[in-house]
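For reference, the chains in residue letters:
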Amino acid sequence: MNHVEPVIRMDGVDFGYDESLVLENVNFTIGERDFASIVGPNGGGKTTLLKLMLGLIEPRRGQVCIFQTSPHRVRTRIGYMPQHSQLDPKFPVCVLDVVLTGRLGITRTIGPYRASDKAAARQALHEVGLAEQESRPFSTLSGGQRQRVLIARALASQPDLLLLDEPTANLDLRVQDDLYELLRQLSTRVTVVLVSHDVGFVSKFVKTVVCVNRSVHVHSSGDLDSEAIIRLYGRDVRLLHHEHDGPCTHR
Amino acid sequence: MSEFIRALFEHPFLQMSVATGVLASVACGVIGTYVVTRRISYIAGAISHSVLGGLGAARYLEVVHGWTLLTPLGGAAIAAVLSALIIGVVSLRAKQREDTVIGAIWAVGMAVGILFIAKTPGYDKDLMSYLFGNILLVTQEDLWLIVCLDLLVVATGLLFYNKFLAVCFDEEFARLRGIRVDFYYLLLLCLTALTVVVLVRVVGIILVIALLTLPAATAGQFSRTMLRMMAWATAICIFMTTGGLALSYGPGLPAGATMIVLAAAVYLASLLIWR
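These protein sequence lines map, in sequence, to chains A and B.
Sequential numbering from 299 applies to the first sequence in the working numbering.
Sequential numbering from -8 applies to the second sequence in the working numbering.
Source of the hints: derived by calculation from the structure; they are not laboratory data.
C-beta atoms are modelled at their ideal positions from N, C-alpha and C, and glycine is treated no differently.
Be aware that a few hints might be false.
Stated by the list, open to error - Output of the computed footprint for chain B on chain A, the stretches with three or more beta carbons under 8 Å from beta carbons of chain B: (1) 372 to 378; (2) 390 to 399; (3) 408 to 416.
Required output: the full structure, derived from the provided sequences and hints.
This is the structure in structure tokens:
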């Protein structure tokens, strides 16, 4: 893989919430139109890595570059989807209004949204297959539909980079499959990076796997083998073999 | 009830009371919706109780030193906005101490008010009307001030509707869209403070929190969007204030307390219907 201008670049990044480091000496790049998954054990630093990319937290040492600059300066080019479990499930808001909040930062400061904002929001809803549901209350949607609405919200800003935190958490397998297929299609147009706790499942869909457990190793998904997984999760992990499309050879 | 309607045509003071209730309901519906969805009822509670400090100080200056520039309602507005900013800034800077500050502002505001009232010659009646409101004693001057506050609060609340919605629904996402989340949070607290001042005239310091939250919470049971929740909360609040006034008039009950009991009954009914 030759990335001329990486979309994401981390150089010697250390980060810790207190004295101990959550991430240590992180170096990697993600290229344009990549479809990457950040995987690793709980507490290994997956969400922390995502927050660094968003500029929500600052590294203690090293540099985080998104589109060759600091994350703050390109926030409007990043589409972000948080875990939906942290949202108030009873909040009185309809689907279109949720998606429209993705237009903030692009639309005018005061007053109602423009017609072009509504068009972009409807286009995003169409893309995730929820065009018919725009006036439904967000609270009445199923888990999978909510995830799709939040993806549409991220898409409504017409981003160049899409970051998603556990987009398939608490979904059944068929819905997960559909969602990954949607993200794979999107990755032909924008760079997609997601956080997942499920390394085996996700490696079927993504091109690149970013393994995080304090340190970071990047694999192309075809190359991910048992040795890499054991290094990620520790010696105690038991591997269950599942079907692979290609031969497993480690770089 | 028919007695109330007859009296309404006869007495201008009663017409002013109804007008005050209706005007206050508009601010109450719009800002109450934000307060309920953003879950800042207790901040609103602290702000309303701290208003006593401003009321007491303004009344003291008026009676003892002859200041006429600062009306009690003006003093209330200053105290309310000041408390809102203190709570807001502290909660943004040090999140874990927010509840302590809310409690402190709540009690200190009242203490300051009681000290000023104790040193003001005159009747203790003042204190009772501040605490429990007296919508029947609204003056023409009060009504104009309420109209101004209403316009300010409702216009700001609606002009920045998109921003407030984003901040209330998902603060982190709003921040990432480049919205100055902290600014809008403080703005929302200030609008809440001004709404509290309007409502203090209607139901008094102690009962404000119920009128601010119960109509909005009732509307929230069945509203699909925030805008509709605001419209319904306003309508319900108009019903509460006017209905409370009408019910209390015949038997000579305190109007504020009647409104709150009515509001609670309607909220309870809504819980049973849309559970």
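Comparing the hints with the structure gives:
1. 372 to 378: holds (count 4)
2. 390 to 399: holds (count 7)
3. 408 to 416: Coverage by chain B holds here, the residue count being 4 at a Cβ distance below 8 Å.
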